[in-house]
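K.L.:
Sequence:
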Amino acid sequence: MEAVQNLPPHQQQEFMKHLEQMQLKDSLVMYNTLVTRCFDGCVSSFRSKTLDKSETSCLENCAARYIKMTQRVGLRFAEHQAMQQKKAADAAAGQM
Numbered sequence: 001m002e003a004v005q006n007l008p009p010h011q012q013q014e015f016m017k018h019l020e021q022m023q024l025k026d027s028l029v030m031y032n033t034l035v036t037r038c039f040d041g042c043v044s045s046f047r048s049k050t051l052d053k054s055e056t057s058c059l060e061n062c063a064a065r066y067i068k069m070t071q072r073v074g075l076r077f078a079e080h081q082a083m084q085q086k087k088a089a090d091a092a093a094g095q096m
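With the UniProt record's numbering, you'll find the sequence shown wraps up at 96, consecutive numbering, no jumps.
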């Protein structure tokens, strides 16, 4: 993000707008994936217009697992990014 601060203000705004759009798209993709996976895995028939207890429980557990998994992946990704940045900084410091 340091490079963004070096951009002119109008380009910073464009970048931030683009970043917000990407985050919104990612959120929608995650939501749609969650709904599709959990619904397909938990709802097998349409006997009534309401979910029964087992379907409700399955959906709640599925959603909780999916959210926990995405949080763990995000955390691991952040750790990996930090390691890569440290390696790059160490390499740059070693070249001086």
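There's no promise every hint is true.
Straight-line Cα separation of at most 20 Å, SDA-like style, residue types lysine to any residue; simulated pairs [claimed, not checked]:
(1) LYS17 <-> LEU7
(2) LYS53 <-> GLY74
(3) LYS25 <-> LYS87
(4) LYS17 <-> SER27
(5) LYS68 <-> ASP52
(6) LYS25 <-> MET69
(7) LYS49 <-> ILE67
(8) LYS49 <-> ALA64
(9) LYS68 <-> LYS17
(10) LYS25 <-> THR70
(11) LYS17 <-> LEU28
(12) LYS68 <-> VAL4
(13) LYS68 <-> GLY41
(14) LYS49 <-> ARG65
(15) LYS68 <-> CYS38
(16) LYS68 <-> THR50
(17) LYS68 <-> LEU7
(18) LYS53 <-> PHE39
(19) LYS86 <-> LYS68
(20) LYS25 <-> LEU7
(21) LYS17 <-> GLN5
(22) LYS25 <-> VAL73
(23) LYS53 <-> CYS38
(24) LYS53 <-> THR70
(25) LYS68 <-> GLN23
(26) LYS87 <-> MET69
(27) LYS25 <-> GLY41
(28) LYS68 <-> LEU34
(29) LYS25 <-> ASN6
(30) LYS17 <-> ALA3
(31) LYS68 <-> ALA3
(32) LYS68 <-> HIS80
(33) LYS17 <-> LEU34
(34) LYS68 <-> VAL35
(35) LYS25 <-> PHE77
(36) LYS17 <-> ASN6
The calculated label-pair distances, taken between Cβ atoms and stated as ranges, are [unchecked claim]:
(37) ARG37 <-> GLN11: 32 to 42 Å
(38) GLN95 <-> GLN5: 34 to 44 Å
(39) LEU51 <-> SER27: 22 to 32 Å
(40) THR50 <-> GLN84: 16 to 26 Å
By construction, these hints were calculated from the structure, which means they are not laboratory data.
Here a beta-carbon is modelled for each residue, glycine too, at the ideal position from N, C-alpha and C.
K.L.:
None of the hints should be skipped; say for each whether it holds.
P.N.:
Against the structure, the hints come out as follows:
For the given pair, LYS17 sits about 14 Å from LEU7 by alpha-carbon distance, which is consistent with the 20 Å threshold. A C-alpha spacing of about 32 Å is found between LYS53 and GLY74, which places the hinted pair above 20 Å, so the restraint is violated. A C-alpha spacing of about 31 Å is found between LYS25 and LYS87, which places the hinted pair above 20 Å, so the restraint is violated. Between LYS17 and SER27 the CA atoms are separated by roughly 15 Å; this keeps the pair inside 20 Å, and the hint holds.
For the given pair, LYS68 sits about 24 Å from ASP52 by alpha-carbon distance, which is inconsistent with the 20 Å threshold. Of the pairs offered as hints, the one joining LYS25 and MET69 holds, with about 19 Å between alpha carbons and a cut-off of 20 Å not exceeded. Restraint check for LYS49 and ILE67: not satisfied, since their Cα atoms lie roughly 26 Å apart, outside the 20 Å limit. Proposed proximity of LYS49 and ALA64 is contradicted: the alpha carbons are some 23 Å apart, above 20 Å.
Our distance criterion of 20 Å between C-alpha atoms is broken by LYS68 and LYS17, whose separation comes to about 28 Å. Taken as a hint, the LYS25 and THR70 pair is honoured in the structure, with Cα atoms around 15 Å apart against an allowance of 20 Å. Our distance criterion of 20 Å between C-alpha atoms is met by LYS17 and LEU28, whose separation comes to about 17 Å. At roughly 31 Å between alpha-carbon atoms, LYS68 and VAL4 are farther apart than 20 Å, so this suggested pair is violated.
Of the pairs offered as hints, the one joining LYS68 and GLY41 holds, with about 17 Å between alpha carbons and a cut-off of 20 Å not exceeded. The hinted pair formed by LYS49 and ARG65 fails the criterion: a straight-line CA distance of about 25 Å is larger than 20 Å. A threshold of 20 Å between alpha carbons decides the hint, and for LYS68 with CYS38 the separation of about 14 Å falls inside it, so the pair holds. Between LYS68 and THR50 the CA atoms are separated by roughly 26 Å; this puts the pair beyond 20 Å, and the hint is violated.
Distance restraint check for LYS68 and LEU7: the Cα-Cα separation of roughly 36 Å exceeds the 20 Å cut-off, and the hinted pair is therefore not satisfied. The straight-line distance between the Cα atoms of LYS53 and PHE39 is roughly 14 Å, inside the 20 Å bound, and the hint therefore holds. For the hint linking LYS86 to LYS68, the alpha-carbon distance of about 27 Å lies beyond 20 Å, and the restraint is violated. The hinted pair formed by LYS25 and LEU7 fails the criterion: a straight-line CA distance of about 24 Å is larger than 20 Å.
Using a Cα cut-off of 20 Å, the hinted pair LYS17 and GLN5 holds, with the two alpha carbons roughly 15 Å apart. With a CA separation close to 18 Å, the supplied pair LYS25 and VAL73 stays within the 20 Å bound. Distance check on the hinted pair: LYS53 and CYS38 sit about 15 Å apart at the alpha-carbon level, within 20 Å; holds. With a C-alpha separation of about 26 Å, the suggested pair LYS53 and THR70 falls outside the 20 Å cut-off, and the hint is violated.
About 19 Å separates the Cα atoms of LYS68 and GLN23, which keeps this hinted pair within 20 Å; it holds. Annotation: proposed proximity of LYS87 to MET69 is violated, straight-line Cα distance about 27 Å (limit 20 Å). Taken as a hint, the LYS25 and GLY41 pair is broken in the structure, with Cα atoms around 24 Å apart against an allowance of 20 Å. Distance check on the hinted pair: LYS68 and LEU34 sit about 12 Å apart at the alpha-carbon level, within 20 Å; holds.
Our distance criterion of 20 Å between C-alpha atoms is broken by LYS25 and ASN6, whose separation comes to about 26 Å. Straight-line distance between C-alpha atoms of LYS17 and ALA3 comes to about 16 Å, which keeps the hinted pair within the 20 Å bound. Of the supplied pair hints, the one linking LYS68 and ALA3 is violated, its CA atoms being roughly 32 Å apart against a limit of 20 Å. This hinted pair checks out: LYS68 and HIS80 have alpha carbons roughly 18 Å apart, not beyond 20 Å.
A C-alpha spacing of about 26 Å is found between LYS17 and LEU34, which places the hinted pair above 20 Å, so the restraint is violated. In summary, the hint linking LYS68 to VAL35 is supported, as the alpha carbons are separated by about 15 Å, within the 20 Å threshold. At most 20 Å may separate the alpha-carbon atoms for a hinted pair to count; LYS25 and PHE77 meet this at roughly 19 Å. Of the supplied pair hints, the one linking LYS17 and ASN6 holds, its CA atoms being roughly 17 Å apart against a limit of 20 Å.
As the Cβ distance of ARG37 to GLN11 is approximately 38 Å, the hint placing it in 32 to 42 Å holds. The hinted range of 34 to 44 Å is not satisfied by GLN95 and GLN5, whose Cβ atoms lie roughly 24 Å apart. The hinted window of 22 to 32 Å between LEU51 and SER27 holds, with their beta carbons roughly 24 Å apart. Separation of THR50 from GLN84 is about 49 Å and departs from the stated range, judged on CB atoms against 16 to 26 Å.
Hints 2, 3, 5, 7, 8, 9, 12, 14, 16, 17, 19, 20, 24, 26, 27, 29, 31, 33, 38 and 40, counting from the list given before, are not met by this structure.
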